[in-house]
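J.: Which chain is which? The protein sequence lines are B and S, in order. According to the working numbering, the stretch in the first sequence is residues 1 to 131, in order. According to the working numbering, the stretch in the second sequence is residues 1 to 283, in order.
These are calculated hints, taken from the structure and not from any lab test. Wrong hints could be hidden among the right ones.
To be verified - List time: in silico DSBU-like cross-link candidates among lysine-lysine, alpha-carbon distance up to 35 Å:
#1 B:K126 <-> S:K246
#2 S:K266 <-> B:K43
#3 B:K129 <-> S:K83
#4 B:K126 <-> S:K74
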Amino acid sequence: MAKKKKIKIKKSSRAKEKESAREKMIGQHIGYRYDVNLVPDYKKITPFLKKYIECMGWDDLNWLEDIHMGYEENRPAVFDRNANGWVTIPKKIKLPDNQQDRDMIARELLVKFQMSPNHPLVDLKKAYKKV
Amino acid sequence: MANLKQVKDSKAKSMGLHKEVLRGRTQQVFFNPEEAENFFYYGSHNVDFNKRTEVDAKDLTCKELNDKINSLMKDGYGTVVVKNPQGKHSLGVGILNKLNLIFEGSLGYFGVGSIDGPVVRITGRVGWSCAENMMAGKVVIEKNAGSCFGAAIRGGDLICKGSVGARTGIDMKGGTIIVGGDAGAFTGFMMQRGRIIILGNTGINLGDSMYDGTIFVGGKIKSLGSDAIKSKLTSQDVDWLKRKLKVAEIGSNINVSKITKIVAGKKLWNYDQLEPTEKKGAI
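Just chain S, same shape as in the assembly (with noise of 0.2 Å):
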């Protein structure tokens, strides 16, 4: 905290930080709440289910492909198949619209990252960074992840049917992750919000910093983090977690009554040092 304080007095005060208040955030109730039943998000594309085709990615670059996959939406394709990924980096990003996308094979680092509603499925594997920054919507992966599985996600479910590295949740601010195999170190490391359910094992400090948020352990844990505390499973997490297994289409042979629970033990929380600006990430 020191540095915070060093840092007050120097670079935030000259930037006028300290005379910023936070009012006039709140939005003006200018809609009725009876509208919009259209279900759709300006600017996104209409897409039908329905309408399937298929792209071979054999000799496509990562950004070729994901102009391809934009222009398919564009033209109303709800299910895209991609061929041939071969581990390529960063396929599938920035999706912002529903989609039914099945990828073929591997994925590269950061795939399917910045995306916000599609249901993606991957038949192979795929390595670090898999779905940062994801905003809503639905990944499963069928083998294996790399580190950094679901690093600072949003929302949406995001799904390892494998094991996964090191760092899994990093930094994650909502949304559930779910691996159906063991996870490496520093599991949910500085998690803030969210949920993390683990069914296999767990590397050393599981929630190491963090904030807030829940893990849910089947197996083994090999330490705790600093600030990871046990807590005690409720009949609510139990109903939950059922039917997130369900869901995820894993752990049908879990006795999910037998989950640890691990939860911020709080001792770290220090919302009256956040400066006005910083707590806008911290809501």
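Isolated chain B, as found in the complex (with noise of 0.2 Å):
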């Protein structure tokens, strides 16, 4: 996956700067590290994603226009709604200096978490579920 995209991202110094004396104190940040209203560019989109979308019978990202990757304890990483938690990304993954390329590459990492027979929901569903 992403093989051609080899550069390393630049160790975000972004993240630290952000960081508030409440943010510091509970451990977390607040709010956004990304901009939310960034919208996706089509032209970026990766093979996965396309055969995602074709799958679902949708003719664009659809809800994954709202996944950006994000930072948790200054790693990237991308929330995942389900679990209610952020999933950090891989380390042997190189992120791109883009934020465009990133979303996608945190949409397609998000879909694969939660197409994973160890996502969390999967023993929740089995213990929960109504039949």
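Work from the hints to combine the two standalone chains into their complex.
T.: Printed below as a string of structure tokens:
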């Protein structure tokens, strides 16, 4: 996945700069560390996401338009609303220095994570889902 | 904020919320990013869009019809046509599956609420709070919609080709609402994320108390609400709007570059006053 994109992202000092006293106290950033209103650039869409859209019967990224690459404890991460937690990006993935490309990678990883048999909701559904 | 302080001193403290620290919410990376090209969510039904059936809702209650749709998905039907919905309330709610669902007629209140994935087409009108709490998917309404259209939606595309009532997109936290006609008062009231496109005119107090998100208006705006301000349309916005309107099958005669963009002035931002538990909802 994303083999062409080998440019390593510069260690984000942006995250540290914005850390308020309140954020330090609670150990987590508040609100957003990225532009939530950034609309996706469809030229950057990955082949995996194209297949996903086709499989779901949609015409575009649909709910994934609101997914962005964020940061959790200064590590790149994507927020999974189903698990209500940040999923950190595996270290071996080199992230491009461009928010649009990073967002596409975040979307792809999130979908893979949610469809993985290791997703935390799988066990929850087994235990509590109504038949 | 005076009230909030009061709550901090009494209820929140007694519940121990002040000691709570939001660590430990990070998921461990225990999956291989190269795995799982199965395009299947655990617990959902594997349906085939080419397998089509029809249901007559004339003599069915809302619960009976919703159960029927669920059982058809279990049997692998990917396209379901519902005839004679007759404006009944709460039809097509809670569908957490990919599905092609067509309603031949109008829906009452709270139609297709809390859905996560289906593509729904409604040939008639819809009542209050259509697609409330929608998570993903696409809903197309051919005629008009009532108030609170797309209330609190989190994701997906919600399209009304006609006009909509007041408080469209109230409290929305994601997704896109597209309206071909006019929108009533308080459109985008308290919206926190997401995008609203109104091709016609809007009523008073557009985007009142909006925290974040974007509203695009093609027609006239009667008045802006508190903390809603005009912003510059970027070339990326123009490209995205053209694409989105094409997907919505409306607005082919609209000059997208003349659309007005409204965003939050962010004077109401007050994250530092939030309790850690409240912040979960803000993300």
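J.: All the hints need checking, so say for each whether the structure fits it.
T.: Checked hints:
no.: 1; hint: B:K126 <-> S:K246; verdict: 40 Å, violated
no.: 2; hint: S:K266 <-> B:K43; verdict: 31 Å, holds
no.: 3; hint: B:K129 <-> S:K83; verdict: 30 Å, holds
no.: 4; hint: B:K126 <-> S:K74; verdict: 17 Å, holds
Violated hints amount to a single one, hint 1; each of the other numbered hints is respected by the structure.
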